[in-house]
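Listed here are the chains, written in short residue letters.
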Amino acid sequence: MGYDPKDPLKDRITDIGPKDYKEFLPSVIKENYGKWLYHEILEPGVLMHVSETGAKVYTVRVGGCRLMSVTHIREICEISDKHCDGYLRFTTRNNVEFMVDDEAKLKPLMDDLEGREFAGGSKKFPRGGTGAGLTNIVHTQGWIHCHTPAIDASGVVKAVMDELYDDFQDMRFPAQVRISLACCLNMCGAVHCSDIAILGIHRMPPMLDHEHLDNMCEIPLAIAACPTGAIKPATVNGKKSVAVKNEKCMFCGNCYTMCPSMPLADEEGSGVALLVGGKISNRISQPKFSKVVVPFIPNEPPRWPSTVEAIKKILYAYVDDAKKYERLGDWAERIGWERFFEKTELPFTGHLIDDYRFAYTTWRQSTQFKF
Amino acid sequence: MTKRKTPMLDELEKGKWPSFISDMKQEAEAREKTSVDLQTPKECVDDLLGLLELTYVDKVVHWKHGGIVGVFGYGGGVIGRYCDRPDEFPGVRDFHTMRVNQPSSKFYSTEYLRQICELWERRGSGLTNMHGSTGDIILLGTTTPQLEEVFWELTDNLDQDLGGSGSNLRTPSCCIGKARCEFACYDTQAICTDFTMEYQDELHRPAFPYKFKFKFDGCPNGCVASIARSDMSIIGTWRDDIRIDQEAVKAYVGGELKPNGGAHSGRDWGAFDIQKEVVDLCPTGCMGWDGSKLNIDNKECTRCMHCINVMPRALRIGEDTGASILFGAKAPILEGAQMSTLTVPFMKIEEPYEELKDLVEKVWDYWSEEGKNRERLGELMQREGFQKFLEVCELDADPRMIQEPRSNPYIFWKEEDVEGGWDRDIKAFRKKHQK
Amino acid sequence: MGIEEDKQLIVDTLKKKKGKTKFYLKDFNKMFPDRKPREVKKIVNQMVTDGLLEYWSSGSTTLIGLKGAGKQHDAEADE
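Residue numbers (my numbering), protein chains in the order written: chain A, 1 to 371; chain B, 1 to 435; chain C, 1 to 79.
None of these hints come from the bench; they were simulated from the model. It should be emphasised that the depicted structure is a prediction, and the values quoted were computed from it without experimental measurement. A virtual CB, placed ideally from N, CA and C, is assigned to each residue, including glycine. Don't take every hint at face value.
With a straight-line Cα cutoff of 20 Å, these simulated EDC-like cross-link-like pairs (lysine to aspartate or glutamate) come out [said to hold, decoys possible]: (1) C/K26 <-> C/D12; (2) B/K348 <-> B/D358; (3) A/K323 <-> B/D268; (4) B/K16 <-> A/E114; (5) C/K36 <-> B/D201; (6) A/K30 <-> A/D20.
Cβ-Cβ distance ranges computed for the label pairs, FRET-style [stated by the list, open to error]: (7) C/L52 <-> A/F358: 40 to 48 Å; (8) A/E267 <-> B/E394: 50 to 58 Å; (9) B/E394 <-> C/K18: 40 to 48 Å; (10) C/L52 <-> B/P86: 28 to 36 Å; (11) B/R239 <-> A/M207: 55 to 63 Å; (12) A/E338 <-> B/D10: 42 to 50 Å; (13) B/E369 <-> C/G68: 29 to 37 Å; (14) C/G51 <-> A/K105: 49 to 57 Å; (15) A/E114 <-> B/P86: 41 to 49 Å; (16) B/R239 <-> A/T53: 26 to 34 Å.
Covered by chain C, per the in silico footprint, the following chain B stretches (three or more residues, Cβ under 8 Å) [what the hints assert, rightly or not]: (17) 62-69; (18) 155-167; (19) 369-383.
Next up, chain A with everything else stripped away, as it sits in the complex:
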């Protein structure tokens, strides 16, 4: 039994879809499905949901890394087997949730999670990420596995979360803060509606390896890949190649995907942009996009100190000044963006004024501004 490369279609099964979620529900969840009345956050990272049957489920939420080894997953399984009858859940933000059906089971579970550390000394299962505080950062692959990233993802996230660790375990913010990271502007991790978005950007047009381009790439595909039509066929030193109209380049890297002879990333050219003030929920104000407030910060591996510093400035200016329930974007709109730059001490530069499509709608067409 098993796959036979000589007869690849033997016993081949396709189009069977995912596992049925019903197989994976802990019994307290299965029995109270659709019957939940209300919930309460007992302390940071600990939720209690109460059903109309009187049943309760206690959830312990811990932060996790998106990048996770099978050794680590097996440890999660071991904890779940010990405390949670062999069930658990992941959230959309890379947190892990352990659930028990009895308050008495909570403390042993929490103690067990608390005590586990990696060999390097970091916590394996930090509890938190609930309520009006900071939750885990969702992110993309970065240097670990993407081919067009401008920045790393996991490393930047680690550096930021280390600095903001206490706020992951607290609920002292005016409202929840969602930080997200996408390692290039294709935004696999659509970060465009986050309270704070860390975005990798390139600033140099692709290099052209004219010597090998025609051998490695299909030129019409490279041309078609460009969203702004900046690439044209060209003959260089008698060889078929392409030319790039640099002023039309939006630095997306789509041409590099099609043609490895057009590398884009650069030690100096690639780095971080920060966007703020987006949200997804319809609570009080409508969902809104994040806005660019820092156009560029150089890549500073391994711990990206300037990026971390800028995020802290933005976050704590907001935390100190916003009203209860105000999301970061609501706060910035209330005080005005001129005041936002003053309070966060971020420099405002021409790069922050929109010059892409529909730019006009973001310019001020009134005399109502603050000095």
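We have chain A; now place chains B and C onto it with these hints.
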């Protein structure tokens, strides 16, 4: 211990937040010691650490894309990667990702997770993402010959299929829904699984001009971000009254119940003030508090969820529940980021979801006919206009669909809109008007 | 037209294209102006199963070409 020196990465072992570097190192060590007959290079995690260290020094990525690799007959589910320094790091020479379709809202049994671990330890790198941005389990890194082997074991032994990539339907995803949330207006998990099964062909084989995403949010809080991240956003809502327990409201006012379910308990915000924190913050001003009774003018409510979020034990969503259907969200390139546009204000969401599937198929047919290569649905809607989109959906215009009416009068009238049509007689005109 | 003729038409059309070996799904629709895109998609995907065509994925989009054709193929297939 890992073979390679990684001084830069070692810096990321410090600090309290879980270190992915420490985790990778423990996996590298486990591979060194294991008795499992590994089908992929034993040193692949070591080599990945080495490659990442090199990237930290160079600040320029060392991966190339590979487009051909996949499992036979599927156009999605595998992302090809080749390292550009196989000389130094042969263990990650070819290091492809497989996307595995996650179960609705990501509950797992440890039995199942262990099967995945066993498979991926032996036939992959032993590294995963739990989970990727769209929601799939990401199996990170294996060699080309192992792709079919992994697929065979997933389908034959684990009863588990791959997720989507490329110009396919992408793996649908949903919030936790009725499994553990009192705000769920419909069964997000059930419909997410149903749609995933119904559209397996579209999920595995290229079907459209570009990617297409469904996301199912159970309420307007939007925990899976469908309004920002999916071409079709199904967001739970209700059309009757918010249920009020006046005694519980009083208990919140009197301080016996913790407002916000305790979400703000990390700071002393003072005593709970229902006027200031609920009534005055209501975006439609449809609430009133007279000191003993909370009134909601439900007809004016836009279901923003704020009051319910603040007082979950006193206020509950209505009972006539369903969903709003919105279309066209996407991340930036090319036309810039877009959010979804409200197209069907309310629809009941009940099995077998025929009304919704009819709508999906109308939209897909239109997009497949009219969409340009690599044009997301939202961009087509922008290019051809929302009126056209409503025609496609066979829906009448409704003021709920817009933020405000147009401010320019440049209406593209059609002949059939105008009484008498456009066919006129110039001779009759000349009888009244000289040249 | 029968399914075999449809497939032959696709193969012949692709062979005629000079310098380009990968195509979007929409390019196949143009070969069958009277058919619904959904029908064309079925033929194309069937031809992949038959081993006549193959997919090439950028991760975000999928291209389709004759099996074994193209420069990317040479670059990737040196296993």
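Status of the hints after comparison with the structure:
| no. | hint | verdict |
| --- | --- | --- |
| 1 | C/K26 <-> C/D12 | 17 Å, holds |
| 2 | B/K348 <-> B/D358 | 14 Å, holds |
| 3 | A/K323 <-> B/D268 | 13 Å, holds |
| 4 | B/K16 <-> A/E114 | 12 Å, holds |
| 5 | C/K36 <-> B/D201 | 16 Å, holds |
| 6 | A/K30 <-> A/D20 | 13 Å, holds |
| 7 | C/L52 <-> A/F358: 40 to 48 Å | 44 Å, holds |
| 8 | A/E267 <-> B/E394: 50 to 58 Å | 55 Å, holds |
| 9 | B/E394 <-> C/K18: 40 to 48 Å | 43 Å, holds |
| 10 | C/L52 <-> B/P86: 28 to 36 Å | 32 Å, holds |
| 11 | B/R239 <-> A/M207: 55 to 63 Å | 57 Å, holds |
| 12 | A/E338 <-> B/D10: 42 to 50 Å | 43 Å, holds |
| 13 | B/E369 <-> C/G68: 29 to 37 Å | 31 Å, holds |
| 14 | C/G51 <-> A/K105: 49 to 57 Å | 56 Å, holds |
| 15 | A/E114 <-> B/P86: 41 to 49 Å | 43 Å, holds |
| 16 | B/R239 <-> A/T53: 26 to 34 Å | 27 Å, holds |
| 17 | 62-69 | holds (count 5) |
| 18 | 155-167 | holds (count 3) |
| 19 | 369-383 | holds (count 5) |
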